[in-house]
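Undergrad: Each chain, letter by letter, is given below.
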Amino acid sequence: MTAMLNVRDLRAYYGQVQALHGLEFDLNEGSLTTLLGANGAGKTTTLRAICNMVRSTGSIEFEGKPLSGRSTENIVRLGIAHVPQGRGTFTTMTVEENLQLGAITRKDSAAIVSDIERMYDHFPVLKQRHTQQAGTLSGGEQQMLAVARALMLRPRLMLLDEPSFGLAPLIVRDLFRILSKINREDKVSILVVEQNAQLALELADKAYVIETGRIVMSGSASEIANNEDVRKSYLGY
Amino acid sequence: MSTVQEVVTEAPAIEAVPKKAMTLGYGTSLAVLALLILVPLFVKNFIIFQLTMLLIYALAVMALNILTGGSGQFSLGQSAFYAVGAYTSAILMEHGNINYALTLPVSGIVCFGFGYLFGKPALRLSGVYLALATFALATAMPQLLKLGVFEPWTGGVQGLVVTKPDAPSFVSSIWSVFSGRAMSQDMWLYYFTLAVSIGIYVASVNLLRSRSGRAFMAIRDNEIAASAMGVDVALYKTLAFGVSAGITGVAGALGAIAVQFVAPDSYTITLAISLFLGMVVGGVGWLPGSIVGSAFIIFVPNIAEGISKGLSGAVFGILLFVVIFLVPHGARQVAVIAQQLIGKLRKS
Amino acid sequence: MELFTNQVLAGIATGAIYACMALAVVMIYQAIDHLNFAQGEMAMFSTFIAWQLMQWGVPYWGAFLLTLAFSFAGGIAIERLLFKPLAKAPILTNVAGFIALYAIINSFAGLIWDFTIKQFPTPFGSSPFLGSQLISTHQAGMIGVTMILLVLLFFFFRFTRIGLAMRAAAAMPESARLVGINTSWMIALGWGMAAAIGSIAGMMIAPVVFLEPNMMLGVLIYGFAAAVLGGLTSPFGAVVGGFLVGIFENLAGTYIPGIGNELKLPIALALIIVVLVVKPAGLFGRPIVKRV
Numbered sequence: 001m002t003a004m005l006n007v008r009d010l011r012a013y014y015g016q017v018q019a020l021h022g023l024e025f026d027l028n029e030g031s032l033t034t035l036l037g038a039n040g041a042g043k044t045t046t047l048r049a050i051c052n053m054v055r056s057t058g059s060i061e062f063e064g065k066p067l068s069g070r071s072t073e074n075i076v077r078l079g080i081a082h083v084p085q086g087r088g089t090f091t092t093m094t095v096e097e098n099l100q101l102g103a104i105t106r107k108d109s110a111a112i113v114s115d116i117e118r119m120y121d122h123f124p125v126l127k128q129r130h131t132q133q134a135g136t137l138s139g140g141e142q143q144m145l146a147v148a149r150a151l152m153l154r155p156r157l158m159l160l161d162e163p164s165f166g167l168a169p170l171i172v173r174d175l176f177r178i179l180s181k182i183n184r185e186d187k188v189s190i191l192v193v194e195q196n197a198q199l200a201l202e203l204a205d206k207a208y209v210i211e212t213g214r215i216v217m218s219g220s221a222s223e224i225a226n227n228e229d230v231r232k233s234y235l236g237y
Numbered sequence: 001m002s003t004v005q006e007v008v009t010e011a012p013a014i015e016a017v018p019k020k021a022m023t024l025g026y027g028t029s030l031a032v033l034a035l036l037i038l039v040p041l042f043v044k045n046f047i048i049f050q051l052t053m054l055l056i057y058a059l060a061v062m063a064l065n066i067l068t069g070g071s072g073q074f075s076l077g078q079s080a081f082y083a084v085g086a087y088t089s090a091i092l093m094e095h096g097n098i099n100y101a102l103t104l105p106v107s108g109i110v111c112f113g114f115g116y117l118f119g120k121p122a123l124r125l126s127g128v129y130l131a132l133a134t135f136a137l138a139t140a141m142p143q144l145l146k147l148g149v150f151e152p153w154t155g156g157v158q159g160l161v162v163t164k165p166d167a168p169s170f171v172s173s174i175w176s177v178f179s180g181r182a183m184s185q186d187m188w189l190y191y192f193t194l195a196v197s198i199g200i201y202v203a204s205v206n207l208l209r210s211r212s213g214r215a216f217m218a219i220r221d222n223e224i225a226a227s228a229m230g231v232d233v234a235l236y237k238t239l240a241f242g243v244s245a246g247i248t249g250v251a252g253a254l255g256a257i258a259v260q261f262v263a264p265d266s267y268t269i270t271l272a273i274s275l276f277l278g279m280v281v282g283g284v285g286w287l288p289g290s291i292v293g294s295a296f297i298i299f300v301p302n303i304a305e306g307i308s309k310g311l312s313g314a315v316f317g318i319l320l321f322v323v324i325f326l327v328p329h330g331a332r333q334v335a336v337i338a339q340q341l342i343g344k345l346r347k348s
Numbered sequence: 001m002e003l004f005t006n007q008v009l010a011g012i013a014t015g016a017i018y019a020c021m022a023l024a025v026v027m028i029y030q031a032i033d034h035l036n037f038a039q040g041e042m043a044m045f046s047t048f049i050a051w052q053l054m055q056w057g058v059p060y061w062g063a064f065l066l067t068l069a070f071s072f073a074g075g076i077a078i079e080r081l082l083f084k085p086l087a088k089a090p091i092l093t094n095v096a097g098f099i100a101l102y103a104i105i106n107s108f109a110g111l112i113w114d115f116t117i118k119q120f121p122t123p124f125g126s127s128p129f130l131g132s133q134l135i136s137t138h139q140a141g142m143i144g145v146t147m148i149l150l151v152l153l154f155f156f157f158r159f160t161r162i163g164l165a166m167r168a169a170a171a172m173p174e175s176a177r178l179v180g181i182n183t184s185w186m187i188a189l190g191w192g193m194a195a196a197i198g199s200i201a202g203m204m205i206a207p208v209v210f211l212e213p214n215m216m217l218g219v220l221i222y223g224f225a226a227a228v229l230g231g232l233t234s235p236f237g238a239v240v241g242g243f244l245v246g247i248f249e250n251l252a253g254t255y256i257p258g259i260g261n262e263l264k265l266p267i268a269l270a271l272i273i274v275v276l277v278v279k280p281a282g283l284f285g286r287p288i289v290k291r292v
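Sequences listed follow chains A, B and C, in order.
Residue numbers for the first sequence follow our numbering, so the first one is 1 and each next one is one higher.
Residue numbers for the second sequence follow our numbering, so the first one is 1 and each next one is one higher.
Residue numbers for the third sequence follow our numbering, so the first one is 1 and each next one is one higher.
I should point out that these hints are in silico values taken from the structure, not numbers from a laboratory.
Cβ coordinates follow ideal geometry from the N, Cα and C atoms, glycine included.
Among these hints, one or two may not hold up.
Unchecked claim - Which chain A residues face chain C? A few, computed with CB under 10 Å, are given here:
(1) 68
(2) 69
(3) 72
(4) 76
(5) 84
(6) 97
(7) 98
(8) 103
(9) 113
(10) 114
(11) 117
(12) 118
Stated by the list, open to error - Sample of chain C residues lacking proximity to chain B, with all beta carbon distances greater than 12 Å (derived):
(13) 93
(14) 96
(15) 154
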């Protein structure tokens, strides 16, 4: 089986500084894969490189199509939704407008309306606040909005950058439960970058560990979770 | 990273200019100086007059350069300061019978005050807002000068005629010993302007090399860091405005004496645009480029008007785009490229 | 009292023009955070196009629509050719670009149509409006056109997908790209719309001030004042700012001694500086957090 996302020899640069040094990994269709690593290891850069938001070399293929040379918006149009760090909420617009923006590339307006309803089922709090300015939402609500907005694209693959950042533990659990449900029921493959390794490993089926811009370990999530080094460095027991 | 607010990462006002790049070496300076002294001896009066204007506009361009290249602030309103300088000098000469040379420092001081006062509120503005405020100032200036209240002094729409000064008798007599004829008014005015320009240029170079100059540049490169280092940002920003306006005022005064006439419509937004253009062409932050920029704004319109009347604006604009796209650092960049080429030729 | 009402009405009428100009300024400011100093010249050029079309026998409204289309296309072309490459350049370079554009357009207009003033027709006539001596039909028409424009823009931004995409691209470009919006084209579209709106301002004011290459300079300064007063980021604010500035200009000219016609531009200058210093975000603008 060929992987849905194929990353080979990925090198990324911020100005003169190289942030990724020949990163390689795969993501299978339907999988929930996690990238683990410490601050500054290159997790965010990897996601940004996939969407061509940072200067990079190497090859990234999505469903057999090379992504290099495509603009960010064209990559998104292939069906890759990216929930960036900081959530990227359109703060001055309403919750509903945020959701409509998620579907801005789609032409099927009837289905968009029903998709918005589906998002309100997934995240009831968003329904309560649908006319509210998105900037006034709490951190957790904004994260849910960001996930919902990404799903409005009807993506084949969703990239999530530290969805747990700054959220209360209970909310994080809730969010991951929903992510896992979306992964199973809506058949959306997910690549999630996390510092909260414990939770990510519980839900993921596959995991990679990044250190200073390189993959240093890969395997099924349970293998990784049981690895001595990973336990010491990332899980803290 | 926390939630992204509506944060504007502002583009830098201008690209940082290394301090060394702001001036010329001694050898080159002396060569340019020699050229400036010798050329008028061999050309006609009308050309001497144009050379005088060249120096005057170079002063005005350099003043803008100190403001923008030095402290990173914009001004599209230099014509207003130029006008105030010109009018101050003209009024003092015509209504007060004061010697033309003595009016220059007065114009400088008046414009320094005007610039300082305008800079006070303007220092809270940055980038495009400052450009806007000064743009509005330049547009409003001719109307202010036409005001009925000031008419007894300014002459209203008609403006004022200024007498052209003769060379002082001792200069004239020394001159006639060598050349056998009297020194023309144009030639005297040229050397007078040259002396003033050199004085101001040297003072400006020293200013930029001084403590204040370093403060200007710190503000230009990063205002918040500068204030964290203890630079009094407000003081130095207004000071830069004042100094720039003061020098522009002296240039305006010299201009009034040279063209023997001041009128409101000589100082429209077109003049402000020309000076701005001169700075960009000469290279932002490179003081010697001011004379290149000045040559550009004096001679290009003449050439363009020769091709077709009313074309000078278009030629200005198109050349400005050419500069922006091809040599964004203006004459400084051209000079550097030329230097490298010469270096290569010598080696081979 | 009648003088007062008269001046307020006249102020609203000229304010309508400032509102159009301010709208155009805001459209571009929203898209690229720069003030287009050539906005007035673009509008002036468009107005000449309309005049030329009418000289060739095109009826008023036909010329009006053709001019809108021409301006829209012209605005996009200018952005694609000249300003897209400057997107990441320092502010100074952009300001220089706008100034260059100003000089080019002004000069070409003079070259093509010379600097003699020309009559520009009004489609509304200039008889008293509804029998009232206070306001002419042309002034009423200017107000009406601005109001229609504002309503259209409101619906465009609020209820169309492309309007939503433009707002998103202006507010948060990176997030906009991440939902698949081509932000670069949204900027071009903003330029096109700004040019078209500006051309309306030009065609509305031309019957009042006469058509000539320098006719828009004062209007632009007032447009800037209106945009700054309205907050530079809010189309609604720009229109309110336009009307306020128009009324203020007329009242100041009537009631403050010594102002009259000769101080009109200095008033705009004073207004700009006062607003920028006292309330830089304007009446309806959002405060901007500056990241260092």
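Undergrad: Next item in the hint list is residue 113 of chain A. Is there a CB on chain C closer than 10 Å to its CB?
TA: Cβ of residue 113 of chain A sits 13 Å from chain C, so the hint is violated.
Undergrad: Go through the hint on residue 68 of chain A and say holds or violated, using the shortest Cβ distance to chain C against 10 Å.
TA: Hint on residue 68 of chain A: violated, closest Cβ of chain C at ~17 Å, above 10 Å.
Undergrad: Against chain C, with CB atoms and a cut of 10 Å, does the hint on residue 84 of chain A hold up?
TA: 6 Å, holds
Undergrad: Would you check whether residue 97 of chain A satisfies its interface hint, that is, whether its CB is within less than 10 Å of any CB in chain C?
TA: 6 Å, holds
Undergrad: Hint check: is the beta carbon of residue 69 of chain A less than 10 Å from a beta carbon of chain C?
TA: 16 Å, violated
Undergrad: Just to be careful: measuring from the Cβ of residue 103 of chain A to every Cβ in chain C, is the smallest value less than 10 Å?
TA: 8 Å, holds
Undergrad: Going by Cβ atoms, does residue 93 of chain C stay more than 12 Å from chain B at every point?
TA: 6 Å, violated
Undergrad: For residue 96 of chain C, which was marked as not at the interface, is the minimum beta-carbon distance to chain B over 12 Å?
TA: 5 Å, violated
Undergrad: Using the nearest Cβ pair, does residue 72 of chain A come within less than 10 Å of chain C?
TA: 4 Å, holds
Undergrad: Hint residue 114 of chain A vs chain C: min CB-CB distance below 10 Å?
TA: 17 Å, violated
Undergrad: Should the interface hint for residue 118 of chain A be scored as holding, given a Cβ-Cβ cut-off of 10 Å against chain C?
TA: 18 Å, violated
Undergrad: Any CB of chain C closer than 10 Å to the CB of residue 117 of chain A?
TA: The hint is violated - residue 117 of chain A has no Cβ within 10 Å of chain C, the shortest such distance being about 19 Å.
Checked against the numbered hints given earlier, this structure breaks hints 1, 2, 9, 10, 11, 12, 13 and 14; the rest are met.
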